[in-house]
Amino acid sequence: MPRGAMHRCTVMHDDGPQARLDHLTQWLDELRPVSLGWARQSLQIDTKSDGSPVTQADRAIEATLRHLIRIHHPTDAILGEEHGDEEGSSGFRWIIDPIDGTASFIRGIPLWGTLVGLEQHTDRGEPIVVAGVADYPALDERIEAPSRDTAWWTRSHERQRCRVAAPRSLHDATICTTGTEYFRRAGRMELWSRLGAASGSLRGWSDCSALLLLCTGRIDAVVEPVMHPWDIGPFAAILPACGAAWGSLDGRTTHRGGSLVAATTTELLSQINPQ
1 MPRGAMHRCT
11 VMHDDGPQAR
21 LDHLTQWLDE
31 LRPVSLGWAR
41 QSLQIDTKSD
51 GSPVTQADRA
61 IEATLRHLIR
71 IHHPTDAILG
81 EEHGDEEGSS
91 GFRWIIDPID
101 GTASFIRGIP
111 LWGTLVGLEQ
121 HTDRGEPIVV
131 AGVADYPALD
141 ERIEAPSRDT
151 AWWTRSHERQ
161 RCRVAAPRSL
171 HDATICTTGT
181 EYFRRAGRME
191 LWSRLGAASG
201 SLRGWSDCSA
211 LLLLCTGRID
221 AVVEPVMHPW
231 DIGPFAAILP
241 ACGAAWGSLD
251 GRTTHRGGSL
261 VAATTTELLS
271 QINPQ
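By our numbering, the letter at position 44 of the sequence shown is numbered 44, and the numbering carries on one by one without gaps.
No lab work stands behind these hints: they were computed from the structure.
Just so you know, not all the hints are guaranteed correct.
[What the hints assert, rightly or not] Okay, the calculated beta carbon distance ranges per label pair:
hint	residue 1	residue 2	range
1	Q275	E87	17 to 25 Å
2	Q26	I109	21 to 29 Å
3	D172	I71	43 to 51 Å
4	E87	R184	34 to 42 Å
5	Q120	K48	42 to 50 Å
6	I71	E126	26 to 34 Å
7	R184	P53	13 to 21 Å
8	R184	D149	31 to 39 Å
9	R107	R155	21 to 29 Å
10	E87	M189	38 to 46 Å
11	T75	S42	36 to 44 Å
12	G243	D50	29 to 37 Å
By construction, the Cβ of each residue, glycine as well, lies at the ideal position given by its N, Cα and C atoms.
Produce the complete structure using the sequences and hints provided.
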């Protein structure tokens, strides 16, 4: 990350979500060549306690984002996949997954991205994600929600509104998920079997790219039985903003993690995951 890039934004302490999103999109622009450079290198691969891979690229990208947040929004809290939780006093918290899809990243498969959600504490109870960005450097695509009402899709510098596809029933729907091992780990193999039999098509090797495809109208649903807060982060704002229905396999709508089911309509969501 060029040193100068870290100081181009004005330091602001009491601004709102839009100013933070403006900073974030600039930072992600500057990080794109950095992450793509890492992707072309031979990286040391470590295994975390949950069995997932991590590289120096994951750690370095998250460390850079944390550094920028501390400079420009020093009272904000931060939760990241690689470096844990930092408390703050502003009422805002950044939720960071520096490379979602590390297994793809280390194999030269372009289905990975940097995910950042902005959570805000309110007087209504549980904090909500008010904005978020999912950036896909190797695909040259980005989806972002400056609020839970509007989402944008940028592909090769062309920008348009982010909308889900027209409704389809389950037997016509294309559903994406990452892999059977997550269904096995969650004790949900019967769900995998049912979706394979009942849907039009069940596809895999997805990670965060599946939600990109859903939010831009290219598939109909995503089912992920194992999810962490940083996996869901920005999508808690992007999904409702692009018209998707979403929740967890136990019927809750939360970005706190556990699982995720998202679809073009509430009807399709209920067909996938009857409660």
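Against the structure, the hints come out as follows:
no.: 1; hint: Q275 with E87: 17 to 25 Å; verdict: violated, 35 Å
no.: 2; hint: Q26 with I109: 21 to 29 Å; verdict: holds, 27 Å
no.: 3; hint: D172 with I71: 43 to 51 Å; verdict: holds, 49 Å
no.: 4; hint: E87 with R184: 34 to 42 Å; verdict: holds, 36 Å
no.: 5; hint: Q120 with K48: 42 to 50 Å; verdict: violated, 29 Å
no.: 6; hint: I71 with E126: 26 to 34 Å; verdict: holds, 29 Å
no.: 7; hint: R184 with P53: 13 to 21 Å; verdict: holds, 18 Å
no.: 8; hint: R184 with D149: 31 to 39 Å; verdict: holds, 38 Å
no.: 9; hint: R107 with R155: 21 to 29 Å; verdict: holds, 23 Å
no.: 10; hint: E87 with M189: 38 to 46 Å; verdict: holds, 39 Å
no.: 11; hint: T75 with S42: 36 to 44 Å; verdict: holds, 39 Å
no.: 12; hint: G243 with D50: 29 to 37 Å; verdict: holds, 33 Å
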